[in-house]
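There are 2 protein chains.
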Amino acid sequence: MKLFFLFAGLSLSLLAVNGDKSDLTTANNWQEPAAGTWKLELGETDAELRYTDLAAEKPRLEALKKLGPAKFPFTKSAISTIKTADGKLMVRIPCDADEKIYGFGLQMKNIKSSKKVLELKVDHWKLGGGKTHAPVPFYISSKGYGVFFNTARYLKVYNQLGNRKDALDNPPEVDRNPPPSQKGSQPGPWQALPAASAVEAVVDAQGLEVLIFSGDTMLEVVQRYNLYCGGGTLPPLWGLGFWHRVPAAFNEEECRKEVADFAKHDIPLDVLGLEPGWMTKSYPCTFEWQTERFPDPKKFTQDMLSQGVRLNLWENPYMSKDAKIYKDMYPHAGSHLVWLGIVPDYNVQEARDLITEQHYRDHVSIGVSGYKVDEVDGYDHWLWPDHATFPSGTSAESMRQTYGMLMQKMFYTDLFKKHNTRTYGLVRSSNGAASALPYVLYSDSYSHSEYITGISAASLGGILWSPEARGARNGREWLNRIQTVCFSPMAMLNAWATGAKPWTFKDVTDPVREVINLRMRLLPYLYTSFADYHLKGIPPFRAMILEQGFDEGQSKVIAGKLDSETNPYAMGQIIEKTDQYMFGPSIMVAPFYEEQHSVRSVRLPAGNWYCFYTGKFMGNNKTIKVTAKELKDRIPLFVKEGSLIPMLTKSVNNSRDAVGKDLELRLYGKKTATYSLYEDDTKTFDYLKGQYRHRTITCTPDGKISEQAGKGPALFGKVTQVKIMTK
Amino acid sequence: MKLFFLFAGLSLSLLAVNGDKSDLTTANNWQEPAAGTWKLELGETDAELRYTDLAAEKPRLEALKKLGPAKFPFTKSAISTIKTADGKLMVRIPCDADEKIYGFGLQMKNIKSSKKVLELKVDHWKLGGGKTHAPVPFYISSKGYGVFFNTARYLKVYNQLGNRKDALDNPPEVDRNPPPSQKGSQPGPWQALPAASAVEAVVDAQGLEVLIFSGDTMLEVVQRYNLYCGGGTLPPLWGLGFWHRVPAAFNEEECRKEVADFAKHDIPLDVLGLEPGWMTKSYPCTFEWQTERFPDPKKFTQDMLSQGVRLNLWENPYMSKDAKIYKDMYPHAGSHLVWLGIVPDYNVQEARDLITEQHYRDHVSIGVSGYKVDEVDGYDHWLWPDHATFPSGTSAESMRQTYGMLMQKMFYTDLFKKHNTRTYGLVRSSNGAASALPYVLYSDSYSHSEYITGISAASLGGILWSPEARGARNGREWLNRIQTVCFSPMAMLNAWATGAKPWTFKDVTDPVREVINLRMRLLPYLYTSFADYHLKGIPPFRAMILEQGFDEGQSKVIAGKLDSETNPYAMGQIIEKTDQYMFGPSIMVAPFYEEQHSVRSVRLPAGNWYCFYTGKFMGNNKTIKVTAKELKDRIPLFVKEGSLIPMLTKSVNNSRDAVGKDLELRLYGKKTATYSLYEDDTKTFDYLKGQYRHRTITCTPDGKISEQAGKGPALFGKVTQVKIMTK
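Here the protein sequences line up with chains L and U, keeping their order.
Using numbering that gives the first Met the number 0, the final residue of the first sequence is 726, and nothing's skipped along the way.
Using numbering that gives the first Met the number 0, the final residue of the second sequence is 726, and nothing's skipped along the way.
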């Protein structure tokens, strides 16, 4: 391929590479910073903010090495670049027309991005076209490699689109006209999107760093990405319990009653989320306790802790004039206001010090467990404009792409890790290299099917997604939503406006309680899944395409039909199978939702799959139908052959009570299986210093178990029950 | 206000102005190129393509002078700029929070743009956010001025949004929390969009030219814009007759039969549109006659002309390898293909010569009347990427913004004006300064209500919109769509895929024929309305907000209701009254559409308004209900007091037959009225040399008429009937 450089008069120094093709593949541009990981630096990469600059932890080089040898996925020289006269920098990555491209962060409708143009920008995903709360510029190819555009700028990506006039592999032209001999006016077999064999990414920046991850499988590619970005986050055990956010202006008394009501209804509770009313002022915010609502925050927080309930505080970053630190913060804020509040520039150390000192003093030091960081995503009509300026010199664009990450990393590092205490919280925007950040994303959209797709999409880009339940039109919807919630990275009910409780719909209170209890019983399995995220980069909840044996070809293809009023280009449609996902190594989750509220189809991958509840054999590489009735209103869960699932023998009211509790082991399939249970102190960062252990448990088909524990802290009790779940 | 400049290290020379506030208002930056028109040059404006560079005609300075004196609408020093570190150039125009902002081209849902962020880019309007087939960067304020950002780049505009931290006029903060004394969790009277008093426009460019037009009324602002952009277009008279596009692969025989069928059904026809099948190949195109379908194009074209029917040829610009001029064009094409066709760079003279010579030889010289230029708009997945390069050095971005205009201007100038023959055609993208271009816009969307809004929106930005009819689900819809079509800049049925005819729905064939006949009878009034567009800048079809006495406050405001699942910010909604519009000086059109298919409400502006058909007094400054039944299935038309409407005494089968035909005059109201009828040769550019005349006709309430004709060519016959339409 021919390289094509057009240098603008004013930007002669912008690009370090030149027109000589070989230059791109010399040591000057290429590095291999970790096993199976290659880095290409184009132009002045130091002039631009990279997502990896904001990663919470350093690359886990040893773990990357353990993944084994890997080879570069294509010819380096096949990568080419253009620097346009108007300052845009493009990199072209080869990609066969028949490869499937997945990823690009929190895409909520589809996870496949072949034949799409995406403008990756932090914004509400409903705007479409690549805008989303977490537009991670990372894609994974079905051929087993991943590409990460490591730049905190608006990035536009043309996936398998854009034929170049000088390319040698363009398909032949097809006449859209029918042959003259043909009667009638229907056009020929022409297609609106000709095959193209590249991904072209363009950014208006001085430099661009591209990272390429190799892998034998797509999962291995994801693992490499996560490990390079610091490893997946390991939340405190309490973060994996049940969360409930109270209405926006609840006071202390109402909060205490809410907690008591949970106990009265026998519903587990680990975290109570306070919405804006805890502050003296919101939109813009003061971050200071409203003492008429909360007369003694410390006593309240400690009382809650003594009941095993932690507090999570809502905030958005926009600071009111009434905040005590406003005057000191003012010079460190950007040129524009959001909801009339100043926008602190947390790239500035003084700004970080001001907010973290205040937060530590007023919240964390009295026992607050973490934050929900709202509205760091968009829309444009709310946030600072693209021409806003910030004291650190960071562009408005890069601030938009990273504000959510900046907040996450600042809180993680300066408020919690500094004090050797883990946190787990929520944030409404994230981006590349976020794997190690202990935050889940959420959205103001409320489509259950999209919420389920979000779980899969998040797993492809080092982020976590919470399909929070806010309310429902009826008991069936409420149950289905809470079931999905309980099989997600954060099991949360967000009733800030509805005041809904788990027992709001009486007709489903029992199965709602049952699924929350099931989540609690599965804490050993769930916690170990997160440990695998941290240690091996394996996401705890995963898109089916990462599961070996899943036939993605089962996605439904709807051929396009010409209609001048609705479809003049006869465009087809692909309905992807993203309504089921993997949880941990062994469990497949297929929630009921929307029209599929009590009957739905499930695609079983290759291998033998069993019903989680009964052990009944369900099939192998086939599509089955399941009903709520046969499952007694429980969420459909399937376990694959050769799996061992550790659970608490019974549910607990919060994660504190899980410590030391005995285990039930379930064996699915007819073979001896092994499980490696992770244990640590559940709440400090000592695990980063090796203070953890694995208990390797083996179970034979006749229920005999043996166990080997490594050195380190114990967490759960003994295995007291074994169930052979095979019928 | 304080000016804030941040200079990037690499762009020291980019901005001609400096940090001294007074500089922006000195003669260096400000010019007054025409009466009531001010120009502000920021940075290196010559480095960027301006829309006015592509205007088809020069500013009509004399006509601008005639509009009378005007004063600059605000303090020049209130305009400020920012040049950001990442190369963005922002200009901030003062704008009170209570001003209403209209315009920005073909916005199809609303014409008001207050409190919106728009990213103006040529694309399909369905993508939203400012993307549209004609994203004219021009807005009009209810305070009587207009601002035109004269740059062919993607432009982002923040309308009355974005409070600056150092602004002195920010509203006070409002606490979203309710007071602690308040029980329950409902938030306070906070609003999600605080008042802001500026329009901020930002472009990633080396320079930006801003034009400011003054006016006593919003209409006068629009007139100034149009006159500065060369005056509105004056189509040939035949362009205002009835158009019909045949199915995509019709051959000569089928076309001849179609024309005969129109005659048989007694339906007027001026233009027959041929879709892709006329070419040897389409998508990509050859631009050469498919001689198996059209064995003798010249004879066919001439035969059609002899029947008074002109041909319009579909094309898109993307050139096939099979085109005879392909090899010569190849070096003048951009780096990327569209549908595998090369994309000629028509900024290059050789490319223009190649295509216009071929088009003239093969089409225009044998009698073809014009073109439909398709697919010059988007989507991104079809057109060239933002990093494509073009031989002229024009950026991909500027090419995207102007390709439709480039084509229009090239055809207008080199194919038609050069040969002193007018044309009228269709194009799927246009942009700023397009007033003088004889093309109407259309879209693949097919919402009737949006099509009606499009007529209004177009009038605010020097463009024309065709609400073409393609098909319908039933006779009522068909009738309603064709009625709208007949009261628009181009009365066209586009049956390329459906094969629909005016008589397809037998139950409505009579009223369909009637409204097409009414269009033909109104040709004298319609043609004069276009002459007013050309001479005075008054759009022939206009948004109601340009009509004095229209109470825009009648728009429906729906207050926002908090709902955590659907509306968490309690955002309100404004339903604008854009389902009616003005036609010429006197007629208001209020089509039936969608749910309002046979009964609808109409807002009558201040003044007395009469039914067009019966002369019945309908009201003054009030909202009325009209039904299809009372109107005998005719489109609702209202005429204002003191109006004289000239019509042909009877319909004609095409515009050729209108020449020399006698006139009927209708007087509405109880006062003596005057009308100035425009006449010229209907098809050459001699009118630009003053070869036209006005016939000033006066009619008293008792029906006495007097007439004074200027020098110049005659067009219509005598006034032989006078009707006093006042009951």
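Just so you know, the hints here were simulated from the structure itself, not pulled from any lab data.
If you're wondering where the values come from, they're calculated on a predicted model, not measured in any experiment.
Don't take each hint at face value.
Intra- or inter-copy, both count: the list cannot distinguish identical chains.
[Unchecked claim] Straight-line C-alpha distance at most 27 angstroms; calculated BS3-like pairs for lysine-lysine: (1) K108 with K125; (2) K164 with K320; (3) K142 with K717; (4) K142 with K70; (5) K624 with K326.
Reference check for the pair K142 and K717, CA-CA at most 27 angstroms: within, between, both, or neither?
So K142 and K717 fail the 27 angstroms test inside a copy (43 angstroms) and across (78 angstroms) alike.
Give the relationship of K164 and K320 under a CA distance limit of 27 angstroms: within one copy only, between copies only, both, or neither.
between (57 angstroms within a copy, 11 angstroms between copies)
Cα distance capped at 27 angstroms. Does K108 pair with K125 within a copy, between copies, both, or neither?
both (10 angstroms within a copy, 18 angstroms between copies)
K624 and K326: within-copy, between-copy, both or neither at 27 angstroms Cα:
neither (62 angstroms within a copy, 58 angstroms between copies)
Within, between, both or neither: K142, K70 at alpha-carbon 27 angstroms:
Answer is within; shortest intra-copy Cα gap is 12 angstroms, inter-copy 66 angstroms.
Against the hints set out earlier in the document, violations occur for numbers 3 and 5.
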